[in-house]
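K.L.:
Sequence:
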Amino acid sequence: MNEMMIDAFADVVQHTGETAKLPDEEKDTALGKRVRQTIQANGGAEKLQTECQMLQAYHNNNYLPLLPDCYRYHRAVPFRLTERLQIRSATQSKVLLQALEFIHEHRNKKKPHLPADISLSFTTPRWHTFIREKVDGEMMFKKHHLEVCVFSHVADGIGNGDMYVEGTEAYADYRTQLLPWAECQDILDGYCSAVGLPTSASDFVATLRRKYTKLAKWVDKAQTEASDLYFDADGKPHLRQLTRLSDPEEAEKLVAIMKSRMTERHLLDVLHHVHHWVGYSRHFGPPSGSDPKLRDPLSRYLITVFGYGCNLGAAQTARHARGLATERVIGRLNAQHITTDKLDAAIRDVIDEYARFRLPFIWGSGKTAVADGTHFELYENNLLGERHIRYGGYGGIAYHHISDTYVALFSRFIACGVWEAVYILDGLLQNKSVLQPDAVHADTQGQSEAVFGLAHLLGIKLMPRMRNWNKVSMYRPDRNLTFEHIDSWFNRHIKWHLIEEHWQDMMQVILSIHKGKLLPSWLLQKLNTDSPKNKLYQAFRELGRVVRTMFLLEFVSDPQTRREVQSAT
Numbered sequence: 343m344n345e346m347m348i349d350a351f352a353d354v355v356q357h358t359g360e361t362a363k364l365p366d367e368e369k370d371t372a373l374g375k376r377v378r379q380t381i382q383a384n385g386g387a388e389k390l391q392t393e394c395q396m397l398q399a400y401h402n403n404n405y406l407p408l409l410p411d412c413y414r415y416h417r418a419v420p421f422r423l424t425e426r427l428q429i430r431s432a433t434q435s436k437v438l439l440q441a442l443e444f445i446h447e448h449r450n451k452k453k454p455h456l457p458a459d460i461s462l463s464f465t466t467p468r469w470h471t472f473i474r475e476k477v478d479g480e481m482m483f484k485k486h487h488l489e490v491c492v493f494s495h496v497a498d499g500i501g502n503g504d505m506y507v508e509g510t511e512a513y514a515d516y517r518t519q520l521l522p523w524a525e526c527q528d529i530l531d532g533y534c535s536a537v538g539l540p541t542s543a544s545d546f547v548a549t550l551r552r553k554y555t556k557l558a559k560w561v562d563k564a565q566t567e568a569s570d571l572y573f574d575a576d577g578k579p580h581l582r583q584l585t586r587l588s589d590p591e592e593a594e595k596l597v598a599i600m601k602s603r604m605t606e607r608h609l610l611d612v613l614h615h616v617h618h619w620v621g622y623s624r625h626f627g628p629p630s631g632s633d634p635k636l637r638d639p640l641s642r643y644l645i646t647v648f649g650y651g652c653n654l655g656a657a658q659t660a661r662h663a664r665g666l667a668t669e670r671v672i673g674r675l676n677a678q679h680i681t682t683d684k685l686d687a688a689i690r691d692v693i694d695e696y697a698r699f700r701l702p703f704i705w706g707s708g709k710t711a712v713a714d715g716t717h718f719e720l721y722e723n724n725l726l727g728e729r730h731i732r733y734g735g736y737g738g739i740a741y742h743h744i745s746d747t748y749v750a751l752f753s754r755f756i757a758c759g760v761w762e763a764v765y766i767l768d769g770l771l772q773n774k775s776v777l778q779p780d781a782v783h784a785d786t787q788g789q790s791e792a793v794f795g796l797a798h799l800l801g802i803k804l805m806p807r808m809r810n811w812n813k814v815s816m817y818r819p820d821r822n823l824t825f826e827h828i829d830s831w832f833n834r835h836i837k838w839h840l841i842e843e844h845w846q847d848m849m850q851v852i853l854s855i856h857k858g859k860l861l862p863s864w865l866l867q868k869l870n871t872d873s874p875k876n877k878l879y880q881a882f883r884e885l886g887r888v889v890r891t892m893f894l895l896e897f898v899s900d901p902q903t904r905r906e907v908q909s910a911t
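Just so you know, we're using the numbering used here here: the sequence shown kicks off at 343 and counts up by one.
Heads up, a few of these hints could be off.
Said to hold, decoys possible - Dumping the calculated DSS-like pairs for lysine-lysine here, alpha-carbon to alpha-carbon at most 25 angstroms:
| hint | residue 1 | residue 2 |
| --- | --- | --- |
| 1 | Lys578 | Lys601 |
| 2 | Lys813 | Lys774 |
| 3 | Lys709 | Lys553 |
| 4 | Lys857 | Lys684 |
| 5 | Lys774 | Lys684 |
| 6 | Lys709 | Lys774 |
| 7 | Lys553 | Lys859 |
| 8 | Lys556 | Lys877 |
| 9 | Lys451 | Lys485 |
| 10 | Lys578 | Lys559 |
| 11 | Lys803 | Lys859 |
| 12 | Lys436 | Lys375 |
| 13 | Lys774 | Lys857 |
| 14 | Lys556 | Lys774 |
| 15 | Lys837 | Lys859 |
| 16 | Lys451 | Lys476 |
| 17 | Lys837 | Lys857 |
| 18 | Lys774 | Lys837 |
| 19 | Lys363 | Lys389 |
| 20 | Lys837 | Lys556 |
Stated by the list, open to error - Label pairs and their in silico Cβ distance ranges:
| hint | residue 1 | residue 2 | range |
| --- | --- | --- | --- |
| 21 | Gly385 | Gly509 | 48 to 58 angstroms |
| 22 | Thr681 | Leu654 | 12 to 22 angstroms |
| 23 | Arg378 | Gly577 | 51 to 61 angstroms |
| 24 | Gln527 | Gln678 | 37 to 47 angstroms |
| 25 | Gly532 | Gly665 | 49 to 59 angstroms |
Calculated directly from the structure, the hints in this document are not laboratory data. Just so it is clear, the structure is predicted and the values come from calculations on it, not from any experiment. Think of the CB as a built atom: it goes at the ideal place given N, C-alpha and C, for glycine as much as any other residue.
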């Protein structure tokens, strides 16, 4: 379509140039004749006008005209789904629910247009243009276009918490999952004292604003021509490469000696040796809590842990462990004797024993962790499986939290298409071992504005390696505050009133997480879209903008922070 329109336009321009040399009294006649011939050669004026309107409809990344064709073949599904689900509004606005009722009432009408009897205030001007059309001088709604619009907004509303489904867990009203504010007030002072936060909205904003302004002014004052941070002609910031630290002269010799003294160890031997000191199999057993009715239960437990830990499965493990356990026994032990909770308890015992050694604390303090995901292939018939765009395979992401003492603290499987930052805080809060990190490193996927804000209130310092750090928006502590050296980097300002107004709402969420009422990932999945009615999301995002800007200021001004982030990720 685009090529034909361009060819037609090119012909018209060419004819205009050619006829420009003719006498004035012949120009218009000759040009009109050639233009008419060009239009006829390309299908006629009506066809060109229709295709021009279609081209205009797709302009500016407008995907809406593509939706009706996809919707037409599955129209019955969302109708049946919304009939069976008890969808409710979590806000005072009922406009979207009224629109949902309206399209259900007119579902079986044969006419392509519906009367414009409902408000479209729940949607955007682009949707208005897409839905509305004049018919015989009267404004009407295009039926299928309106249905697509309503179902799209209902899905978004359920996802971002503006709407909820009664009787569900994942899509329930998140407000009912929170601690009542009266209970929060009883523990507020103790929590704030432990985390180091002020206990009132005004004090919180004043303290954070003062700290933020002080840091920004210090970075601006410390900026010189010799600084690692510099700006190009367009005012875009860049960092000079860090000088590589040389290895100690005896490092290679030390590595060689250590390798010569490290004998080969088989994984099953390692599992047995660790069990000798930790006794982690004490958590395994039948659901009844009685002693296992097994001959040599320890060997069979170790074989089962080995088989599933190495992703062999029951059949492959039994094939390589003949005489120890059959496929049926290994599968039954994994399903009944070694549940997720029991496995978590065993892992916690191993981590706690590991933390008693001196050697791991030479590598790290135990107060920092790294979060990252690894792609694992899965069967396609799997609810968690998706095709990963980068890796090209079908599978899921094993998301690990690794302590700086080099022991895995927490792992979970997530879908490939999920933004990893949603789950980055879960691993730290669900980790019940003696190693309790209060700082976490990640890559670009391990951060977002809302996650920065949530982590700050949970007392966790988020320190990601952001590949696009110099492209994100930087926010001034004050609209009228300017800087001598780094002013071109700042392009927006913080809305402090938004943080102060919703401080109580945010603290209610944080204290509910602290008491185990909900997980950060569950909340972040609800607060993942910029809904105009979702003030809680906007408050967390605004706080996250403060924290992220402060982190970036520290990152560009402190070489040690950059070394720490780069070495960890």
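K.L.:
Determine for every hint whether it applies to the structure shown.
P.N.:
Quick rundown of the hints versus the structure:
no., hint, result
1, Lys578 - Lys601, "violated, 47 angstroms"
2, Lys813 - Lys774, "violated, 37 angstroms"
3, Lys709 - Lys553, "holds, 23 angstroms"
4, Lys857 - Lys684, "holds, 22 angstroms"
5, Lys774 - Lys684, "holds, 13 angstroms"
6, Lys709 - Lys774, "holds, 14 angstroms"
7, Lys553 - Lys859, "violated, 32 angstroms"
8, Lys556 - Lys877, "violated, 28 angstroms"
9, Lys451 - Lys485, "holds, 9 angstroms"
10, Lys578 - Lys559, "holds, 19 angstroms"
11, Lys803 - Lys859, "holds, 22 angstroms"
12, Lys436 - Lys375, "violated, 58 angstroms"
13, Lys774 - Lys857, "holds, 14 angstroms"
14, Lys556 - Lys774, "violated, 36 angstroms"
15, Lys837 - Lys859, "violated, 30 angstroms"
16, Lys451 - Lys476, "holds, 19 angstroms"
17, Lys837 - Lys857, "violated, 30 angstroms"
18, Lys774 - Lys837, "violated, 37 angstroms"
19, Lys363 - Lys389, "violated, 31 angstroms"
20, Lys837 - Lys556, "holds, 18 angstroms"
21, Gly385 - Gly509: 48 to 58 angstroms, "holds, 55 angstroms"
22, Thr681 - Leu654: 12 to 22 angstroms, "holds, 19 angstroms"
23, Arg378 - Gly577: 51 to 61 angstroms, "holds, 53 angstroms"
24, Gln527 - Gln678: 37 to 47 angstroms, "holds, 44 angstroms"
25, Gly532 - Gly665: 49 to 59 angstroms, "holds, 57 angstroms"
In this structure, the earlier hints numbered 1, 2, 7, 8, 12, 14, 15, 17, 18 and 19 are contradicted, and the remaining ones agree with it.
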